[in-house]
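Just need the whole structure built from these sequences, with the hints factored in.
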Amino acid sequence: MCLLDGLLVMTIRTRFTGLKVISFLIIAVVSLPLIYLVLRASASGIDGINYLLQPRTLTILSNSILLTIAVVIASAVIGTLFAWITTRTNLPMRRVVLILGLMPMVIPSYIGALTLVAAFGPVGYLQQILEPLGIRRLPEIYGFFGASFAITIFTYPYFVLPVRAALLGMDRSLEEAAQSLGCSRWQIFWRVTLPALRPSIAAGALLTALYTLSDFGAVMVMRYNAFARAIYVTYNSSFDRSRAALLALVLVALTLLLVQLERRVTHKAQTYRAGKGTTTITKKLRLGRWQIPAFGFCAVLIGIGTLLPIGILLGWALNPHVISPIDMKLGEASWSAVTTSVLTAVVVALAALPLAIVARRTTSYWSRRLVNLTYIGNALPGIVIGLALVFFGANSMPALYQTLPLLILGYTVRFLPYGLAATGSALAGVNPAFDETAQSLGLRPWQRLFRVTIPLTWASIIAGMALVFLNTMKELPTTLMLSPIGFVTPATRIWMASEAGMLALIGLPGLILIGLSCVGLAILLWRDNLKG
Amino acid sequence: MRFSRMIFLLILLTCVVLAVAPISAQSTPETLTIYSGRGESLVGPIITLFTETTGIPVEVVYGNTAAVANQILEEGANSPADVYYGQDAGALGALAKADMLATLPAEIVDQVAPAFRSPDGLWVGTSARARVLVYNPALVEELGLELPASILDLTDPVYKGLVGWAPENASFQAQVTALRVLLGEEAAAQWLADMVANETVGFGSNNTNLYLAVANGEIPMGISNHYYMFGILADNPEAPLAHHFFPGKDPGSLINIAGAGVLATSDQPEAAQQFVAFLLSPVAQQYFTSQTYEYPVIDGIILNPLLTPLETIEVPEIDLSDLDDLQTTLTMIEESGALD
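Taken in order, these protein sequences are the chains called A and B.
Note that this note's numbering has the first sequence beginning at 18, numbered continuously upward.
Note that this note's numbering has the second sequence beginning at 324, numbered continuously upward.
Heads up, a few of these hints could be off.
Chain A regions said to be covered by chain B (calculated; three or more residues, Cβ under 8 Å) [as the list claims (entries may be wrong)]:
no.	region
1	194-204
2	245-252
3	516-524
Simulated restraints on C-beta separations [to be verified]:
no.	chain 1	residue 1	chain 2	residue 2	range
4	B	ASP590	A	PHE41	33 to 43 Å
5	B	ASN401	A	GLN71	40 to 50 Å
6	B	SER473	A	ARG153	24 to 34 Å
7	A	PHE314	B	GLN513	48 to 58 Å
8	A	PRO156	B	GLU658	44 to 54 Å
Which chain B residues stay away from chain A? Per the calculated CB distances, all over 12 Å, these [as the list claims (entries may be wrong)]:
no.	residue
9	GLU353
10	ILE395
11	ILE431
12	VAL435
13	GLU465
14	LEU468
15	VAL481
16	GLU509
17	ILE624
18	GLU657
Hints were generated in silico from the structure; no laboratory data involved.
We treat Cβ as the ideally placed atom computed from N, Cα and C, and that holds for glycine.
Here it is as structure tokens:
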């Protein structure tokens, strides 16, 4: 506490210097994984370059890019259509449909993929239903098709949210003008609505692309050799672990490229905003004979993405014949996951606050530039962070190796961008004059922090924490690699059971995980209501 | 302000937890740390029994046999592991070759036949398992397939896309090492390449899923370890599964061991040796044959009647301690494209 106070006192004397010092310390810690990855990969020298020049690397690269493109296109089409139907038409039960349609966000991709295989695998439940019709097996689900199918189903909500927000905030007079000029509904959609949605679709596309590249569960279950799987398999089945590091570096390069692209697009997007305009609620489009296809589309989506996984998990959980040969330790696992996730959320929020203040309130080019570095977590998939911190822990910091703090550090690096985005956007809405006034009234820096800055931004900070909580709860690859000995979470128990071929055992932990994630989601929604 | 006080308390609490967490996470010195390359579902119960019997608290890292051995090599002198327990003589041999294992007392090692232990007493086999072709009799008949006479025949185009394997699994890795030792590097690499070209279906490191795929008719056959079949049959006696042991001392009929060694860096070698001795005790040996359907490695144990007696399997002539060049095997498997 004294340390905290001391550092903050420095802030008042030399404006933000103390915060800058704290920020640079945080940045140094957060950059550790990348530094270690580069060190480890470069240790292999010329052999490493030769290794990467093999055709195999190119195959993995093209597999990953292909998967990303397919998922982005499919999710964009599905997500935009779903958002449009649920905001602009007179579809019955729109709110229920919307909420059920957003549910796949809380279903981790490994659970999704496992249940999809159980349902649509060559001899899955669907085949069993079709058996009387003489269908002995369904086409292969594994590989490219299965992986893109699974990831699409669980990422399209990333489009629904921004597109829906854009549709609600759009200047409706443009569409009305087009209508008065004699455009058909279809023409209005293509020539007015869609161009206005472009920035939100672009933002959703990049989010989905990053998610796809970092996804571990679906590509493992669907046996599709994208980067995350290749890195994990190489790590597990090769004596030369620098090879996994080399592959990881290529993946980081790819994701950095995407992050750069995202910054450009979102930057440009701001110039597209139409301002307030008139957002008056005009009457909803009457679907008429399109009502049944529109409803059918939503029903299929909800059926596959939400009801099917939860239904299958329920079936497994309630099956009385399933006896576990081992103790699943679900109580302990849930407790560990909740406490670690809360802890991570708090650490992320604490780390994000000084960074966000420095980024928003200082004019120094270099401080802003450095804070941008922490967004690198966006470009570091969980498998890469896990790998890098194993190298770091095992070789340089044995005292931290296989401890909770190292695991939480891994989570923090991964999810700090979420915290930064939440706190940063909230700070943007706070007039710096408040803080300056408080300073002139003689408040000490920590008093200002707690009595001005935090009360004005806490709703957003809590929302950011909820998002971090939600994602930490279901995190798998970093947890698998960095867990302290004996540390279990519902996610790692699910992984263990599926590895042991005891699918039915994932029913209960799967439901627990989804239930706990819903708590995180509820906090997010609650905060939306707070904003009115 | 009430709210800011709450936040402040929360921060304080976090700091305290963060400060305490590493201390509580640090294992007490009396805890035995086992790195297990065998799955929790298979060996979790016997490890629990060890703690119940001896009162020695245990913590276990579960993982892939090669990966866990790798992890010990990566950790080097910093490794918290006291015991390495893997399912492949090759991984044990690799650790022994890297001077990571300590010599076990003769009274432990000598209980086991020389074929199933390290000649230097650095590791000891604790249960034995056979490589085997598992097949779905109904499906094999329906497809008009003949069972292959040798593991080498699986590269025949008639089996294209019909054979499963688990190329990330340690037992498969040992199988490849055995092929290298018996047939030479080139022939082994060629076999792998031909298997990949023949569209052999990969199941990662997961033999159970391979067996389930054979049982439910996804594929007609696969190469795996013998013991998975009995667990599935216990759940579902109707499952269409059968074993085919390649005849004529074929490399495909390799008998390997699951075994253990004590780390040279262990801070409690006595408890570690006690664990290894426990795995060789009649209780544990009977558990292995009754519950995990493996072969016991000491005398005087009643073999599970479901198992084909080891004597009737025509085993290839190979010394398990020659399987220790795991590194070359892993590189060969990776380069063959089997993992993609």
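Checked hints:
no., hint, result
1, 194-204, "violated (count 0)"
2, 245-252, "holds (count 4)"
3, 516-524, "holds (count 4)"
4, B/ASP590 to A/PHE41: 33 to 43 Å, "holds (38 Å)"
5, B/ASN401 to A/GLN71: 40 to 50 Å, "violated (32 Å)"
6, B/SER473 to A/ARG153: 24 to 34 Å, "holds (30 Å)"
7, A/PHE314 to B/GLN513: 48 to 58 Å, "holds (52 Å)"
8, A/PRO156 to B/GLU658: 44 to 54 Å, "violated (30 Å)"
9, GLU353, "holds (14 Å)"
10, ILE395, "violated (10 Å)"
11, ILE431, "holds (25 Å)"
12, VAL435, "holds (26 Å)"
13, GLU465, "violated (9 Å)"
14, LEU468, "holds (16 Å)"
15, VAL481, "holds (19 Å)"
16, GLU509, "holds (20 Å)"
17, ILE624, "holds (21 Å)"
18, GLU657, "violated (6 Å)"
When each numbered hint is compared with the structure, violations occur for hints 1, 5, 8, 10, 13, 18.
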